[in-house]
Amino acid sequence: MIRVLIVDDDVRVARNHQELVESVSEFTVVGVAHTAAAALAQVRGHRPDLVLLDLHLPDASGISVMRALRSATEPGTPQPDFLMITAVRDIAQVRSALHGGAVHYLLKPFPLSALRDQLERFAVARRRMQAQGEATQQDVDRLIGLLRPPAARSLPKGLTAATVDLVAGVLRETEGELSAVEVAERSGVSRVTARRYLEHLCADGRAELRMRYGSAGRPEHLYRWVA
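Per this note's numbering, the very first residue in the sequence shown carries number -3; after that it's consecutive.
Hints are computed from structural coordinates only; laboratory data are not their basis. Misleading hints may appear alongside valid ones.
[To be verified] Derived EDC-like pairs (lysine to aspartate or glutamate); straight-line CA-CA distance at most 16 Å:
1) LYS104 <-> ASP86
2) LYS104 <-> ASP6
3) LYS153 <-> GLU195
4) LYS104 <-> ASP5
[To be verified] Have a look at the derived ranges for each label pair, beta carbon to beta carbon:
5) ALA33 <-> GLU216: 52 to 58 Å
6) PRO215 <-> GLU181: 19 to 25 Å
7) GLN134 <-> GLU216: 23 to 29 Å
8) GLN133 <-> ASP5: 37 to 43 Å
We treat Cβ as the ideally placed atom computed from N, Cα and C, and that holds for glycine.
I would like the entire structure built from these sequences, with the hints used as guidance.
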C-alpha cells in the first residue's frame, strides 16, 4: 500500500481528500495534519510515501515543511514524495515547489477527479520505478509523462477529457478485463470511440492491453485498468 499523509489547514478539505484517497486502490491514509508542526511530527512518525501538502498553513509555509523534511532525512533513508495542493498561484511559489521536488502542483479549486487521476498516475509511476533496473530514455519520458501529464488541450485530436474520464471509470470499476465492445456498451459510446480511448489509456500507462488468441480469426483485444 502507498502510505499517504494529508496536510491542509481546512478541516473540511482535508476530510474530502482523505475520503478520496481511501477510495483509490493501493492507497491508505496514515495521518491528517492541519499545521506545519503537526505535519513534521507525523512524517517522522508515520513515514508516508506521499504527502498531499497545502502551501498555506497557519504556522509555516508548505515549502518550508518540504525543505525541512528533505534536509532532515538521513542519507539512504527513503524520502516521501510531495503533491502540492493549494490555492497559491504565485509563480515563484510554483517554481520553488517544483524545484524542491514536488511531483505535481494542483491548484484549488479542482474537481476531485483531478486528484484521483494524479494518484493513479503516481501509483503506476512508482511501480515502474520499483521494478526498473536500468532506464532507457523512453522509460524516463514515460515516467515524467505519468507524473506531470500534459494539459487536457494536448489530448490527441478528437479526444475529450470528459470521455477519457468516462471510459477510464468503466475500466476502473471492473475487476478483470473488458473488450472494446463491452466498454462501449457500459459507457454509451460507439465501439470505434471506445477503442480510440482505450488505446489512449494504454499509451498513457493507465490501462493494459492483452491479446487473446482463439482457434481461428483475429485475436480479441482485452483491456484492464492497471493504475
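Comparing the hints with the structure gives:
1. Note on LYS104 and ASP86: the hinted pairing holds, with a Cα-Cα distance of about 13 Å set against a maximum of 16 Å.
2. Proximity of LYS104 to ASP6 is assessed by CA-CA distance (about 12 Å); at most 16 Å being required, the pair is judged to hold.
3. A hinted pair counts as satisfied when its Cα atoms are at most 16 Å apart, and LYS153 with GLU195 qualifies at roughly 13 Å.
4. Among the hinted pairs, LYS104 with ASP5 is consistent with the structure: their alpha-carbon atoms are about 13 Å apart, no more than 16 Å.
5. A hinted range of 52 to 58 Å holds for the C-beta pair ALA33 and GLU216, which are about 56 Å apart.
6. Checked against the given bound of 19 to 25 Å, the beta carbons of PRO215 and GLU181, roughly 20 Å apart, stay inside it.
7. Between GLN134 and GLU216 the C-beta distance comes to about 28 Å, which sits within the given range of 23 to 29 Å.
8. Between GLN133 and ASP5 the C-beta distance comes to about 41 Å, which sits within the given range of 37 to 43 Å.
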